[in-house]
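Participant: Residue numbers (our numbering), protein chains in the order written: chain A, 1 to 294; chain B, 1 to 294.
Hints may be right or wrong, so weigh each one.
As the list claims (entries may be wrong) - Computed, partial: chain B to chain A, Cβ under 10 Å:
#1 Val-104
#2 Ala-110
#3 Leu-112
#4 Val-159
#5 Ile-162
#6 Phe-276
In case anyone wonders, no lab produced these hints; they're calculated from the structure.
Where a beta carbon is used, it is the ideal one built from N, C-alpha and C, also for glycine.
Protein chains: 2
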Amino acid sequence: MEFKNELNKKCAKIEDILVKYIPREEGFQKNIVKAMKYSLLSGGKRLRPILTLEACKIVGGDIKDAIPFAIAIEMIHTYSLIHDDLPQLDNDDLRRGKPTNHKVFGEDMAILTGDALLNYAFEVMLSGSINKENPEKYLLAINEIAKSSGIEGMIGGQVVDIESEGKIIEKDKLHYIHINKTAALIIGCMRAGAIIGGATEHELNVISCYAKKIGLAFQVVDDILDIEGDEKALGKKVGSDIQRHKSTYPSILGMKTSKEIANELIDEAKSKISEFDDSEFLICLADYIISRKN
Amino acid sequence: MEFKNELNKKCAKIEDILVKYIPREEGFQKNIVKAMKYSLLSGGKRLRPILTLEACKIVGGDIKDAIPFAIAIEMIHTYSLIHDDLPQLDNDDLRRGKPTNHKVFGEDMAILTGDALLNYAFEVMLSGSINKENPEKYLLAINEIAKSSGIEGMIGGQVVDIESEGKIIEKDKLHYIHINKTAALIIGCMRAGAIIGGATEHELNVISCYAKKIGLAFQVVDDILDIEGDEKALGKKVGSDIQRHKSTYPSILGMKTSKEIANELIDEAKSKISEFDDSEFLICLADYIISRKN
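Bound conformation, chain A alone:
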């Protein structure tokens, strides 16, 4: 499999669909749509939507039904970046090589744009759930996304991350941050996709396990790239974790151990997902997560 080609194709497909899900720039409120669009279409790997659809496909589902969930998770991811970049939080001027949302639209609009994207994510999921067969399945899928992005998921991770700045924290707290800040959304979107696809309980467990491992590895690699990465490839400054005195895997466990952990996680994820017949893409994707440069 020419994995990189396949990944680019899937990414392009997500971008095409995403455009169609952006509300029209009309009415008095059109500027908020402009601001939503700006960040939604400012690039990105589209990893979460791709994983949502793969999880649906691998259990034999029809990916059409999972598309609203794939789009919603990208909206939630995007809102979290917009709020995270605000001066009151991470204070970043650049994201993927472009000015961050508040730099273009102002801090007031950036706060509301984040709110709007989170809310709209639910609107998109609901629009894809109403008038379908088996509405209970859709409620369960929306619930996965909601749980994973809330205080027992992403927001929980962000809060503890912010509170830990400038402090040396224990490994279990760092693990909590990484699992929740990054892995939770990946677990949530894959579970949602799998549920829509009609996964059995066992299939759902296998997918959750894969998602957790690649999600955690993704954040460990993020920490590593913030030290060893190339600014141009990343589209943002490196060294920001050190500057902000953030505890990271490399700062607490050392670079060598961090790389070993990331490798182990990826190996375990690959072995787990290979239970499925059609797992080649997700296996390659796990490898890509550890070798990525951005």
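With the hints as your guide, set chain B onto chain A.
Facilitator: Just chain B, lined up with the frame of chain A:
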């Protein structure tokens, strides 16, 4: 009917239930729960949850099923106040006589607390929707809340409100702001309650009409109170609209006309809702909205 007694009893009941829906302060993320709780339990008229349950009851539904929606709408209302009070938006230090969320927990936490409450509102609605008979009905009710709080509802109103500061705006734009910033959520929560209660299409229309009229009147009265209100009763400073050069009903149409409009809206709302046999409370509530001091 001793309306004020009845209202206080309903308000107290909502507060009791609300407390039970607040997640436990435990785990690494406990401080976000503390911040959510602070704003959720900082008083308030609890008008939206009361209206949610009334809408369910008046169409013959079991209010138990609507409780998660009543709680969710209060969480959404609270998140919008927390973000609205931020220095980047309205920059308010006091809310209901107490320091605003960011004054107590910091701006970074206040942003995340708002996010957490919006997200948690959906978690609460979903938890009350899964494993119920007629899941489609619950999807439709969540959809009402989502639509009314999004860019075609509350957030749309907030955006245009902010953009209009310092400008003289046309009456249709002011109407847009008021309908969306304030009435939308009241319409959404009453529709959700009515849907859960099993409303017919006609009943739903009557309730929507009532909700729109009292929602709009509520905001017109808000504008009036910002000029004529008593700071102690309001728990916040008066004159903030003038200070911010905000267009309001009194500033555009004059005080006399604004009061006439509010009175008309309330009369129409009362006449509409009196179609229902058991409408006494909602009729009194409409009167209360126009006579309220806070």
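Participant: Taking the hints in turn, state whether each one holds.
Facilitator: Okay, the hints, checked on the actual structure:
1. For Val-104 of chain B, the shortest C-beta to C-beta distance to chain A is roughly 15 Å, which exceeds 10 Å, and the interface hint is violated.
2. Annotation: Ala-110 of chain B was flagged as interfacial toward chain A, and the flag holds, the nearest CB pair being 8 Å apart, inside 10 Å.
3. The restraint placing Leu-112 of chain B at the interface with chain A holds, with a minimum CB-CB distance near 6 Å, inside the 10 Å limit.
4. For Val-159 of chain B, the interface hint holds, the least distance from its beta-carbon to any beta-carbon of chain A being 4 Å, beneath 10 Å.
5. For Ile-162 of chain B, the interface hint holds, since its Cβ comes within 10 Å of a Cβ in chain A; the closest pair sits about 6 Å apart.
6. Hint on Phe-276 of chain B is violated. Least Cβ distance to chain A is approximately 27 Å, over the 10 Å limit.
Checked against the numbered hints above, the structure violates hints 1 and 6; every other hint is satisfied.
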